[in-house]
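A.B. asks: Turn these sequences into a full structure, and let the hints guide you.
Per the working numbering: the sequence shown = residues 64 to 178.
Since the hints were made in silico from the structure, they are not lab data.
All residues carry an ideal CB built from backbone N, CA and C; glycine is no exception.
Warning: the hint list may mix true and false statements.
Claimed, not checked - Simulated pairs of lysine to aspartate or glutamate, EDC-like, Cα-Cα distance not exceeding 16 Å:
(1) K115 <-> E101
(2) K148 <-> D92
(3) K148 <-> E101
(4) K148 <-> E85
(5) K115 <-> E85
(6) K115 <-> E134
(7) K95 <-> E117
(8) K115 <-> D92
(9) K115 <-> E98
(10) K95 <-> E85
(11) K115 <-> E147
(12) K95 <-> E122
(13) K148 <-> E117
As the list claims (entries may be wrong) - Derived Cβ-Cβ restraints for the label pairs, each shown as a range:
(14) E134 <-> S90: 36 to 46 Å
(15) D167 <-> S90: 28 to 38 Å
(16) A146 <-> N119: 14 to 24 Å
(17) P161 <-> R97: 22 to 32 Å
(18) A169 <-> E130: 10 to 20 Å
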Amino acid sequence: MSTTTYTAPRRSPRVFRRLRVEAAGRSHDGRKFREVCETVVVNAHGGLLYLKHEVNNGEMLVLANPETQDEQECRVVYIGEPAEKGLRVGVEFLTPAPHFWGIDFASAPPDTQVH
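C.D. replies: What follows is the structure, given as C-alpha cells:
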C-alpha cells in the first residue's frame, strides 16, 4: 500500500521578520487586553506572534502596526506552547492584507528571512 502526501501551496509567501505590533482582544478569561507583541513570521494572510495574554482558539483580535499605521481584524487559528517570550499564537486576517506588514510579498521568495 502506498501513501501520497499532499501539501497545499501557501496563499502567500512567509517572511520571517521580527516586528512590533499592538494586539487587542479578550483573554481566555474574557478580560479585555491590549499589549505590544512581536511577530515571528508573517504573510499577506496573517502571521505567528508571541502574546503574553492567553487567548482561545477562534478568538478575534485587532492588530495595529505602528510602521504602516494600519489596523487589521484577525482570528486566532493556532496556539502553541508557552515560551519565555509568551505564547506562540497564529492569526489569520479576516481579509487578506498584503500591505499591513509593510512588506512587498509579490517580490519575496517563499520562506524569506528579512531583517
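A.B. asks: The structure should be examined with respect to each hint, and the outcome stated for every one.
C.D. replies: For each hint, the structure was consulted:
1. Proximity of K115 to E101 is assessed by CA-CA distance (about 10 Å); at most 16 Å being required, the pair is judged to hold.
2. With a C-alpha separation of about 20 Å, the suggested pair K148 and D92 falls outside the 16 Å cut-off, and the hint is violated.
3. The straight-line distance between the Cα atoms of K148 and E101 is roughly 9 Å, inside the 16 Å bound, and the hint therefore holds.
4. Between K148 and E85 the CA atoms are separated by roughly 15 Å; this keeps the pair inside 16 Å, and the hint holds.
5. At most 16 Å may separate the alpha-carbon atoms for a hinted pair to count; K115 and E85 meet this at roughly 12 Å.
6. Annotation: proposed proximity of K115 to E134 is violated, straight-line Cα distance about 20 Å (limit 16 Å).
7. A C-alpha spacing of about 11 Å is found between K95 and E117, which places the hinted pair at or below 16 Å, so the restraint holds.
8. Taking the CA atoms of K115 and D92, the gap is near 14 Å; set against the 16 Å cutoff, the hint holds.
9. About 8 Å separates the Cα atoms of K115 and E98, which keeps this hinted pair within 16 Å; it holds.
10. Simply put, K95 and E85 have alpha-carbon atoms about 13 Å apart, close enough for the 16 Å limit, and the pair holds.
11. About 9 Å separates the Cα atoms of K115 and E147, which keeps this hinted pair within 16 Å; it holds.
12. About 12 Å separates the Cα atoms of K95 and E122, which keeps this hinted pair within 16 Å; it holds.
13. With a CA separation close to 12 Å, the supplied pair K148 and E117 stays within the 16 Å bound.
14. Checked against the given bound of 36 to 46 Å, the beta carbons of E134 and S90, roughly 19 Å apart, lie outside it.
15. Separation of D167 from S90 is about 34 Å and conforms to the stated range, judged on CB atoms against 28 to 38 Å.
16. For the pair A146 and N119, the supplied restraint of 14 to 24 Å holds, since their beta-carbon distance comes to about 18 Å.
17. Between P161 and R97 the beta carbons are some 25 Å apart, a value that agrees with the proposed interval 22 to 32 Å.
18. Evaluation of the 10 to 20 Å hint for A169 and E130 yields a pass: the beta carbon distance comes to about 19 Å.
Going through the hint list in order, the structure does not satisfy hints 2, 6 and 14.
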